[in-house]
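In order, the protein sequences belong to chains A and B.
Okay, so the first sequence: first residue is 0 according to numbering that gives the first Met the number 0, each after it adds one.
Okay, so the second sequence: first residue is 0 according to numbering that gives the first Met the number 0, each after it adds one.
I should point out that these hints are in silico values taken from the structure, not numbers from a laboratory.
Hints are not guaranteed to be accurate.
Identical chains blur together in the list; that is why a pair holds if it fits in one copy or across any two.
[Unchecked claim] In silico DSSO-like links for lysine-lysine, alpha-carbon gap of 27 angstroms or less: (1) Lys181 / Lys24; (2) Lys159 / Lys24; (3) Lys181 / Lys49; (4) Lys159 / Lys181.
These numbers were taken from a predicted model, which means no experiment stands behind them.
So the chains spell out like this:
2 protein chains.
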Amino acid sequence: MTKLIPAIVIGRLPIYLRELVRLSKENTRPNTSSQELAHRLGISSAQIRKDLSHFGEFGKQGTGYNIAYLIEQLQRILHLTEQWEVILVGAGYLGHALAHYGGFQRRGFRITHVFDTDPALIGTEMGEIVVQKIEGIEAAIQENGIKIAILAVPRSVAQKMTDRLIKAGILSILTYTPIQLKVPDHVQISYSDPLVQLQQMTYYLPRDAD
Amino acid sequence: MTKLIPAIVIGRLPIYLRELVRLSKENTRPNTSSQELAHRLGISSAQIRKDLSHFGEFGKQGTGYNIAYLIEQLQRILHLTEQWEVILVGAGYLGHALAHYGGFQRRGFRITHVFDTDPALIGTEMGEIVVQKIEGIEAAIQENGIKIAILAVPRSVAQKMTDRLIKAGILSILTYTPIQLKVPDHVQISYSDPLVQLQQMTYYLPRDAD
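Kindly produce the complete structure, drawing on both the sequences and the hints.
The following block contains the structure:
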């Protein structure tokens with residue numbers, strides 16, 4: 000029954016959702032339009048309409064989209080109607096930044112476990128979570144049916160840890176380690192590397208020689 | 000003289016570069032192939048050959064790509080032959096994680112200035128850099144000709160800070176604040192939002208109801 004939707008379309012839905020939630024807080028009006036979203040997001044209104052049309056008819060000619068309804072539908076499409084538990088591996092500076100980032104709960108996720116290998120960190124608190132010994136990670140994943148992990152570990156251990164997470168049942172991994180990880184086809188992986196992002200922009204920068 | 004290359008192609012070049020550098024460290028062989036890169040990156044070899052062909056002929060049928068030469072060419076294409084100075088705005092946990100991240104220098108960038116508004120943070124050290132008062136940010140950008148900024152600030156101040164950076168001469172911004180920022184056409188912006196990345200993956204996760 001599911002049509003195959005291009006990954007690039009799926010990739011834009013969270014951005015639409017984030018902006019709609021923002022709109023719903025600012026607005027007294029119940030509706031928005033693909034033009035208004037386009038203006039706010041720097042994506043063309045035709046693209047927005049086409050992306051959404053993969054999933055049904057959400058708007059009406061003339062009145063546009065009902066914001067609350069579209070938020071609900073995007074949450075349903077993205078499987079965000081219930082909260083997902085997330086484990087975090089790595090309690091360094093980056094782990095701290097993630098654990099203290101307020102947006103998770105509001106946007107469908109809750110970091111429920113943090114693991115590290117460093118004896119100096121184990122037992123310390125990050126926000127409301129106590130850092131646990133890495134040895135317990137498989138049990139935590141399996142007992143709680145956790146499917147999502149965030150990896151904030153040194154690259155020397157990243158592949159080994161990835162293999163361990165997947166073997167224990169993790170299906171989605173967000174990694175901050177700047178190496179390409181090998182995962183089986185049934186596992187989703189998403190990379191966050193500030194250097195890749197910076198290098199994608201320097202292409203467009205004038206050099207002194209130009 | 001410059002052809003218009005799709006942004007998605009430019010976006011993959013830093014990933015090729017990162018893997019080639021890794022290969023050059025592992026390998027005693029001087030050459031690689033689009034097949035080897037494809038296997039390591041999970042991108043098809045046809046895609047890799049097509050992406051690179053936008054910029055010239057880098058490989059030879061039969062012998063493949065010379066790794067050192069291709070690294071050099073990608074660095075040239077991405078304007079990474081000299082090191083770029085970067086200013087970091089925000090000295091919280093995320094700012095610390097970025098300032099302590101070892102990869103910058105090796106990959107063409109150096110964080111030379113860190114700014115914050117919190118009096119408790121000003122004067123403290125992050126790695127080898129002293130956190131400075133935000134008031135000095137325009138002078139630092141202009142006196143050093145800095146073109147690149149990383150924004151790790153609360154979202155309530157993100158747009159105002161962005162406007163200030165651009166007015167002072169910044170052309171590329173990597174932002175960790177989870178809102179869409181308005182920038183003029185001549186400025187590049189790149190977003191890093193863990194929630195968007197997680198939400199892009201939950202689409203593919205089975206729900207309990209499935």
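Original post:
Can you give the numbers of the hints that this structure goes against, from lowest to highest?
Top reply: none
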